[in-house]
Amino acid sequence: MASLLESIPIPRHLNSRTTISGGRKAYLSSLQKNSRLPPSKIHHHTIYCAAQDTNSKVPRRNAISLMLSSFLISQTGLGGIALSQPLIEFREYLDTFDGYTFNYPKNWIQVKGAGADIFFRDPYVLDENISLEISSPSSSNYKSVEDLGPPQAAAEKVLKQYLTEFMSTRLGVRREANIVSTSSRVADDGRMYYQVEVNIKSYASTNELAVMPQDRVTRLEWDRRYLSVLGVENNQLYELRLQTPENVFLEEESDLRRIMESFRVMKLNV
1 MASLLESIPI
11 PRHLNSRTTI
21 SGGRKAYLSS
31 LQKNSRLPPS
41 KIHHHTIYCA
51 AQDTNSKVPR
61 RNAISLMLSS
71 FLISQTGLGG
81 IALSQPLIEF
91 REYLDTFDGY
101 TFNYPKNWIQ
111 VKGAGADIFF
121 RDPYVLDENI
131 SLEISSPSSS
141 NYKSVEDLGP
151 PQAAAEKVLK
161 QYLTEFMSTR
171 LGVRREANIV
181 STSSRVADDG
191 RMYYQVEVNI
201 KSYASTNELA
211 VMPQDRVTRL
221 EWDRRYLSVL
231 GVENNQLYEL
241 RLQTPENVFL
251 EEESDLRRIM
261 ESFRVMKLNV
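Following the UniProt record's numbering, the numbering of the sequence shown begins with 1 at its first residue and continues without gaps.
Certain hints may be false.
25 Å max Cα-Cα, derived BS3-like pairs, lysine-lysine [what the hints assert, rightly or not]: (1) K143 with K160; (2) K267 with K143; (3) K160 with K201; (4) K201 with K157; (5) K157 with K143.
Derived by calculation from the structure, the hints in this document are not laboratory data. These numbers come from a predicted model, not from an experiment.
Sequences and hints are given; from them, build the entire structure.
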């Protein structure tokens with residue numbers, strides 16, 4: 001069996017640098033287009049992740065390996081053999097110096113010099129990342145996350161900060177934003193945390209220098225979900241931020257929420 005699989009040529013368009021910028025459907029379309037088999041011979045599998053929730057689909061960060069496995073099995077006529085289900089593994093990030101911890105997908109990579117205290121991103125979905133921001137100890141004196149007001153008031157502050165960061169000097173660019181949800185919870189450490197979700201869409205003109213309005217056609221640049229968890233300890237405000245394309249969020253919601261719910265702040269021993 002091993003020698004048979006090894007003898008099958010892997011299509012040139014599938015390699016270690018393959019990324020999924022257009023989503024799972026685009027990948028499947030590409031796979032079918034480049035395959036020598038008729039469409040009926042390419043198996044479009046729906047595979048579920050046993051590590052998380054038996055009702056949640058595997059995130060697109062595993063789609064490359066899954067679709068490649070499906071392609072190879074289709075080529076060898078072994079479609080009746082069940083594929084093993086990949087496990088979504090999480091790794092704990094613990095910062096005892098600044099006082100916080102959270103879990104993140106094991107295959108995400110750390111990016112240095114991103115401006116945050118820590119920054120990880122998905123190696124395939126480049127718009128998907130997680131970061132941690134901490135208020136300056138010299139300019140903040142928070143006692144509780146409730147110092148921000150109720151969750152809705154905190155969400156308005158979070159949204160305003162996002163829009164400030166995404167401010168653009170390009171002509172014809174506009175942003176649409178709204179607060180999707182707000183909530184508060186007391187975690188197992190006894191601390192109160194706020195959770196905020198916002199959606200931001202960016203539109204840009206295809207010809208911003210056009211004189212006539214009808215020549216300035218607006219198109220959607222990106223549509224993202226931003227999730228923030230706010231906590232207070234050591235007189236500082238901690239914000240765990242997760243950015244993901246809206247369509248990816250719909251696929252990976254359960255895993256992304258696990259990340260957010262894992263966030264904890266810790267008392268520093270001074």
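Practice task
Quickly compare the C-alpha distance for K143 and K160 to 25 Å and report which way the hint goes.
Solution key: holds, 22 Å
Practice task
Take the C-alpha atoms of K201 and K157, compute the straight-line distance between them, and say whether it is at most 25 Å.
Solution key: holds, 18 Å
Handout entry: Restraint status (C-alpha distance of K267 to K143 at most 25 Å)
Key = Holds: K267 and K143 sit about 12 Å apart, inside 25 Å.
Handout entry: Restraint status (C-alpha distance of K157 to K143 at most 25 Å)
Key = holds, 18 Å
Practice task
Mind checking the alpha carbons of K160 and K201 for me, to see if they're no more than 25 Å apart?
Solution key: This hinted pair holds, its Cα atoms lying about 14 Å apart.
Violated hints are absent here; each numbered hint is respected by the structure.
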